[in-house]
Each structure stands twice: as structure tokens, then as C-alpha cells.
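Visitor: Each chain, letter by letter, is given below.
Protein chains: 2
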Amino acid sequence: MKDKKVPAAVIQRMPRYYRYLGDLLAKGASRVSSAELSRRMGITASQIRQDLNHFGGFGQQGYGYNVEVLYNEIGKILGQDQDYNVIVIGAGNLGQAVSKYTNFNKRGYKVTALFDSNPALAGTTVAGYPVLDATELGEYLKENPTDIAVLTIPKAGAVETAKVLVEGGVKAIWNFASVDLDLPQDKVVVVNVHLSDSLRVLSYKLRELRGQEDSEEV
Amino acid sequence: MKDKKVPAAVIQRMPRYYRYLGDLLAKGASRVSSAELSRRMGITASQIRQDLNHFGGFGQQGYGYNVEVLYNEIGKILGQDQDYNVIVIGAGNLGQAVSKYTNFNKRGYKVTALFDSNPALAGTTVAGYPVLDATELGEYLKENPTDIAVLTIPKAGAVETAKVLVEGGVKAIWNFASVDLDLPQDKVVVVNVHLSDSLRVLSYKLRELRGQEDSEEV
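Heads up: the protein sequence lines correspond to chains S and Y, in order. Per our numbering, the first sequence starts with residue 334, numbered consecutively. Per our numbering, the second sequence starts with residue 334, numbered consecutively.
Just so you know, these hints were derived from the structure itself, not from any lab. Mixed in with the good hints there might be a few duds.
Any copy will do: because identical chains look the same in the list, a pair fits if it lies in one copy or spans two.
Said to hold, decoys possible - Below are the DSS-like pairs computed for lysine-lysine, each with C-alpha atoms no more than 30 angstroms apart in a straight line:
1. K439 x K360
2. K488 x K433
3. K409 x K488
4. K360 x K475
5. K504 x K439
6. K338 x K475
7. K496 x K520
8. K496 x K433
9. K443 x K488
10. K360 x K496
11. K433 x K443
12. K488 x K360
With the hints as extra help, turn the sequences into a complete structure.
Guide: This is the structure:
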């Protein structure tokens, strides 16, 4: 499958298709037209066809999409047909929440351990997963090949820790630290969840909405 | 300030400028050229000038940007010069993590209460904040004007709860539920943090990286 040049914006939309198709599947739908999918998702049918054409199309003229086939195909595109070994760096509130995240394991993401620099936490468990001392990270990775690391530590230590992860063969970092990691793109992929950025966008939009309300009142 | 038509992509980048300027400020920098900011942030100087021009520019030819002035101006744009009353819907792991989120209060986001549909949690506290029964939400909002609600409940109840929030005058929803809320845009703004979508984008990129590695080995 040639998908190396799929635009980032299309990739960002794929999980949303996957969610909507999953909902349709759960409701027992066997097929869906692009018009119906368009109405549900609030994007144009033409956009849907364009997006899916990046991966081969999947639709049939006059029939629409087979929900289960499309769900499974998009699942494969999104790597949902595989299992992943996952470690969580940081056993604080966010690290614990991610480790306990509903369905996290059911989806094929297998947490094997958490790491924390607080020695008092080493030896404890979170949701049954062992919490190890952060100094053991490099050694651990040598013996336990790990696909994905979730970074939930403050930004101060995040950049250094990320380097240890890459040296240890981790190929994917889910970065919750409030810092941009500058890592070699041919060795590791990074997806950021910058919560404070997200909250500030919300505050921006709130200010904008209130500005509109005020000008309507004048 | 005329900023109603600022493109969404520009808005998404503003918190990142704010972070980098905050770092520079913490390091004692008083001014920064667009070339230097460009190098640090990995975007072109021309892009930076274009982005900031949406809000009036702020730079001076041959001088660059005054770090503190620009930091404060972008802070105002992002509504960081105000305080917000915040409630958190869902007192599970994620709701607790958000409530305890480092600096959450320091930044002007004041959590006043959490709500949960589990009656066993009502009457408890999280980080000092009271957990109230979800059935009390409508009444609470009548007596306690609330700016922002954080939705950390499963998608099943999220849509109904969002309606109660909007009826109760909440103007901004930070939505962690894995569902798109369909709400009147003139009454409420929504920013989504779809964690499962984000993790699937990471899996996509990991699969893509491994595909590249495989083809290099052939």
C-alpha cells in the first residue's frame, strides 16, 4: 500500500472515521453511504471520498461502504491489528490515569511497567503494573523491547529521558510533557498531547465568543 | 482588536509561541529576533511574522521582539490575563488528574467542584475540591456561574451532560470524552482532547516508520 505521502490532515481525520464506523458497527449497520457518513460526521461526502482514496477507496458506486470492511481496513491503517509493548514514564496523576485508561489493554496496548524518579514509588504498583526507578530505564529497555513510551513527566526531565528512550530502541513516544522533543525523525515518531496548549486554545475561543456576545448587545 | 477571522491553524500555534517566549523570559532574555525564534521553534521567520501580524505584529524592524511584551500580549490573546471558574465532570482517574494538574490553579483556572454519577463518590474530595452527585449539576450551575467544564466521562453520558452544561450557562467545554459534541456554536465553544484518536495517530506513524525501515533493509 502506497501511503507514505498521505497528508497529515488526512491522518488526523482517520481515527474519527474509525470511531464513527465503530459506532455504526455497534448499532448493527452493515453498509453506509458516503452521504449518510457525511451527515453524521459533518464533513462533505466529497471530502470523505478524497480522504479514503488515499488508501485505495473502499467504496462501491451505488452501494456505499461496507461498514465492517471499512472499519477493519481503517483499523489496519491505524495499526489497530497489532499489539504494542508500552511503558509509562512518570507515575504521577497523569501517568496513573493513562495506565488505567479504559480499554487501553483491550485495544492491544500492553503496559509492561511505569517509571518514576521518586524512589518512594519504586516497588509499588499502579493498576497491577510495577513502578520501577527511573534510573533503571536504560537497562530495562535492553531486556524488554518496547514499542511505545508515554511521557507524562514535567518538561525539565523530558528531553533527556526521550534520548534514553530512543537509545533503548523505543520507536514511538506519546508525549504529554509540555515541551517539544527534538528527536531524529528516522528513528522515532512523536505525537504530542500538550494539555496546557489545548486549554489555552479553549480560553482563546471563550474570549472570542464573549467578544461576539458583547458586540451583539451594543 | 480585530481577530475574529484568525485562521484555526494560527490559533493552534499561539500557545506554542507562548511556551517558547515563557522559556526565554525564564532565562532572562529581554529580546529575540524572528530569526532566533524561528531557529528555536523550527518554523520559518516569515511564518512567525505572518502569524503575529494577525494580532498587530508586535515586532520592530532591526530590533526583533521584546520578549516580555510579546509574552504578555500573546497571554492576553489566549485569555491568560483572566480567572476562570472550572468544574470537572467525572471524578475517575482522568478527572482526578486534570483536577490536580500542576499549575492548573496558578494559571487562573479555579476548580470549584467535581461531579460524578457514582453516588459512593459524592461527599468525598479530590485535591481538596468537593465531589458532588451528577444529579446536582443543573442546580449547582444556577447558583455558581461557571466558565469552563472539563468532560472526563465515558461517551455514553457525555452528550446529555453537555446539554445540561450549556443550559446552565457554561460557555466553554474541554472535552476528553471520546465523542464529538454537537452543540450550538453561538452559545458554547468546545476543544476536544480525543486521547484514543491521538494514540491511533501514533500507531499509524509507527507503522509507517517501520515500513520505511523494512524497505531500506530490502
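Visitor: State for each hint whether it applies.
Guide: So, going through the hints one by one against the coordinates:
1. K439 x K360: Intra 20 angstroms, inter 44 angstroms, cutoff 30 angstroms: intra-copy only.
2. K488 x K433: Both: 22 angstroms inside a chain and 17 angstroms across chains, each within 30 angstroms.
3. K409 x K488: between (33 angstroms within a copy, 24 angstroms between copies)
4. K360 x K475: Cα proximity of K360 and K475: none, with 45 angstroms in one copy and 36 angstroms across.
5. K504 x K439: Only inside one copy: K504 and K439 sit 21 angstroms apart there, 35 angstroms across copies, limit 30 angstroms.
6. K338 x K475: Neither: 33 angstroms inside a copy, 51 angstroms across copies.
7. K496 x K520: within (11 angstroms within a copy, 45 angstroms between copies)
8. K496 x K433: both (26 angstroms within a copy, 28 angstroms between copies)
9. K443 x K488: both (25 angstroms within a copy, 23 angstroms between copies)
10. K360 x K496: between (45 angstroms within a copy, 23 angstroms between copies)
11. K433 x K443: both (11 angstroms within a copy, 26 angstroms between copies)
12. K488 x K360: between (43 angstroms within a copy, 15 angstroms between copies)
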